[in-house]
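Since each chain sits alone in its own frame, please combine them into the complex, following the hints.
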Amino acid sequence: MKRLLSIAAIGVLAVTALVMVRCNSVTGGAPTDVALAAATDSTVKVTWTAPSEGTPDKYIVMFSETGTDAYEPFDTVITTEATHNPAGKTGTYKVVAKFGSTDYDGTPTPTTTPISSAVISVSELNAAGSSGYGWTRADGSATTYTMTQASNAASVDFYITDFATGYSGPDYSVASPDLGPSDPTGVVPSGSWRINGFTAGLSNENSALPMHSTSTYFNYQEISTQPFLTGCYTADGYYALVKVDSYNTGSGTAQVRSWFQKVKGLRLIEH
Amino acid sequence: MRKVIAALAILAVVFVVGCQDTKKVTELQGQVDRQTQQITAFQGQITQLTAERDSLQKIITDAMAKGGKIQMPGAQQPGTKTGGTTPPTGGKKSSGKPPKVGR
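Top to bottom, those sequences are chains A and B.
Quick note on our numbering: the first sequence kicks off at 2 and runs consecutively.
Quick note on our numbering: the second sequence kicks off at 17 and runs consecutively.
The reader is advised that the hints may include incorrect statements.
What the hints assert, rightly or not - The following label-pair restraints were derived from C-beta to C-beta distances:
hint : chain 1 : residue 1 : chain 2 : residue 2 : range
1    : A       : S152      : B       : Q51       : 51 to 57 Å
2    : B       : I76       : A       : Q256      : 36 to 42 Å
3    : B       : R50       : A       : D140      : 31 to 37 Å
4    : A       : N249      : B       : V48       : 53 to 59 Å
5    : B       : V48       : A       : K265      : 29 to 35 Å
6    : B       : R50       : A       : A236      : 31 to 37 Å
7    : A       : T69       : B       : V48       : 19 to 25 Å
8    : A       : T69       : B       : Q51       : 21 to 27 Å
9    : B       : Q73       : A       : S183      : 43 to 49 Å
Hints are computed from structural coordinates only; laboratory data are not their basis.
Each residue gets a CB set at the ideal place from its N, CA and C atoms; glycine is no exception.
Bound-form chain B, shown alone (with noise of 0.2 Å):
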C-alpha cells in the first residue's frame, strides 16, 4: 500500500512540475520572439537613420565644396513642377490646372 501510494505521489509531482514548465518554457519563448522582433525593429530604424545621415553630409559637404546654398532634399527645385502646394505655372495649355491641395 505504502508504495502505491508513493508511486502514485511521484507520478503527480512529475505531471504537475512538468505541466508548469512546458507552460513556462511557452512564455520565455513568446517573450523571446517579440524581443528578437524588437531588436530587428531597431536594427531597421538604425540602417535608415544612419542612411539619412550620410546623405544629409553628403549634400552638406556637396555644397560647402561648391560655396553655393545647401538645397535640403525634398525641395522645391527650381524650374520643377513637383512638389509644394503652389500650382505650377507653365505654357499657355496649363492654365487650366486647378490649385494644387493637399489631401
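Here chain A stands alone, though its shape is the one from the complex (with noise of 0.2 Å):
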C-alpha cells in the first residue's frame, strides 16, 4: 500500500510538472514580419517569421473584418504561413504564437482593408486644373496630375474627359491615361501612360470587384449615372474601386473618391 502511494505521488510529480513546462522551454517571443500577399484574387497568404525566443507550440492566425473590434481565428499551425477565405470580406489579420498557455501577439497587424481616398476634384481634360488621377502604390493614396506632362505618365490611373475639344459634355468619362495622346483634345504628349482598364457600372461598393478579364474590364468608361461605381485594373496588377460622386459640365470637374486595395492582385474592397 505504501509503495502504490509513493508511486502514485510520482505520477501525480510528473503530471504537473508536464502541464507547467508543456515539453517546451517557458521562455516565449511574438512572430514578426506578419505579411499578406494574395493566394488568389480572392483568397490571402499570411506569412510570418518565427520568433527569435524558440519554436512555439503552435500559431493561431487570426482576422477581424473591416467595420468590427474582434478577432476570430481561422486556423492553427505549426509553419509559418496560413491561406484565408474572406468569402469576399475585408479586414485585418494577427498571428499569435502559443507557448505553454502564453500568446504572444505578432507584429505588424496588415489589413486588406481598401486604402479610403476622400473626394477630390477632378477637371476634365479641357478644363482648368488636373485631370488625371493615380495611387500610390507603397501607401494607396490618390493624388492628382496634370495630363499635359508626360513625366506624370508613371503616377496617372485614369483622367477624365469628354473625348472632345472644351468641357462641355455632354457625357464624360473614366478612361485610361494611354487613350490621352489620342484624345481628341490633342494635351497629352506621348509617353509610357498606364495602360488600365475599367468596369461597366457597378451596383454594390462593398462588393468584390468583378474578376479581370478582357471582356470586363476596358479602355474607358462612360460615367452613366451619378454617382457612378467603377473597378479599376491596372497595368500592374492592383484593384481599386472609383465612385465619380458628380460631375459639372459647366465648371467641367468631377467629384472623385476611391478605395485602392494595396494588396497586388486581390479584388476585395469591402470597406
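Dropping the structure here:
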C-alpha cells in the first residue's frame, strides 16, 4: 500500500511538471514580419517570421473583419504561413504564437481593408486643373496630376474626359491614361502612360470587384449615372474602386473618391 | 533502487504520452479550423447562388407576366451607354470616342 502511494505521488508530480513546462521552454516571443499577399484574387496568404526566442507550440492566425473589433481565429498551424478565404470580406490579420498557455501577438497586423481617399475634384481634360488621378502603390493614397506632362505618365491611373474639345460634355468618361495622347483634345503628350481597364457601372461598392478579364474591363467607361461606380484593374495588377459622386459640365469638374487595394492582385474592396 | 527506477519509468511514460497528446491536439485543432473555414466558404457560395437563382426566377416571372422578351442581367439595355464592346453612339461631340477595347 505504501509503495502504491509512492508511485501515485510520483505520477502526480510528473503530470504537474508536464503541465508546467508543456514539453517546451517557458520562454517565448512574438512572430514578426507578418505580411499579406494574394493567394488567389479573392483569398489571402498570411506569412510571418518565427520568433527568435524559440519554436512555439503553435500559431493561431486570426481575422477581424473591416468595421469590427473582434478577432476570430481561422487557422491553427505549426508552419509560418496560412491561407484564408474571407468570403468577399476585407479586414485585419493577427498571428499569435502560443508558448504553453502564454500568447505572444505578432507584429505588424496587416490589413486588406482598401485605402480610402476622400473626395477630390478632378478636372475634365480641357478644363483648368488636373485631370489625371493616380494611386501611390506604397501607401495607396490618391493624388491628382496634370495630363499635359509626360513625366506624370508613371503616376496616373485614369483621367476624366469628354473625348472632345472644350468641357461641355455632355458625357464624361473615366479613361485609361494611355488613351490620353490620342484624345481629340490633343493636350496629352506621348509617353509610357499606364494601360488600365475599367468595368461597366457597379451597383454595390462593398462587393468584391469583378474578376479581371478582357471581357469585363475596358479602356474607358462613360459616367452613365451619378454617382457612378467602376472597378479599375491597373497595368501592374492592382484593383481599385472609383466612385464619381457627380460631375459638372459647366465647371468641367468631377467629384471623385476611391478605394485602393494595396494587396496586389486582390479584388476585395469591402470598406 | 527499484522504487527509483519505477519512478523514473513512470515519469518518462507520462512525459512521452503527454507530449504526443499535445501535438495531436494541435494537429486536430488545425484540421477543425480548416474544415470550419471551408464550411463558411461553402455557406457563402450557397447564399450567393441562392440569390442569383431568386433573381433569375424573378426575371422569368416578370417576363412571363408581361409576355415580353426575357432580358438577362448584364446584357446591353436599349438606349444605355454602358456594357458591351461596341462604341456607343451619341451626339456630335461623342464622335471622338475611341473604340471600346477590353483590357
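The hints, checked one at a time:
1. Between A:S152 and B:Q51, the C-beta spacing of about 54 Å keeps the proposed range 51 to 57 Å intact.
2. Judged by the Cβ atoms, the range 36 to 42 Å given for B:I76 and A:Q256 holds: they are separated by roughly 39 Å.
3. Distance hint check: the CB atoms of B:R50 and A:D140 are about 33 Å apart, consistent with the given range 31 to 37 Å.
4. At about 57 Å, the CB distance of A:N249 to B:V48 agrees with the hint of 53 to 59 Å.
5. As the Cβ distance of B:V48 to A:K265 is approximately 32 Å, the hint placing it in 29 to 35 Å holds.
6. At about 36 Å, the beta-carbon gap between B:R50 and A:A236 stays in the expected band of 31 to 37 Å.
7. Taken as a hint, the range 19 to 25 Å holds for the pair A:T69 and B:V48, whose Cβ atoms sit roughly 23 Å apart.
8. For the pair A:T69 and B:Q51, the supplied restraint of 21 to 27 Å holds, since their beta-carbon distance comes to about 23 Å.
9. Roughly 45 Å separates the CB atoms of B:Q73 and A:S183, a value that falls within the hinted 43 to 49 Å.
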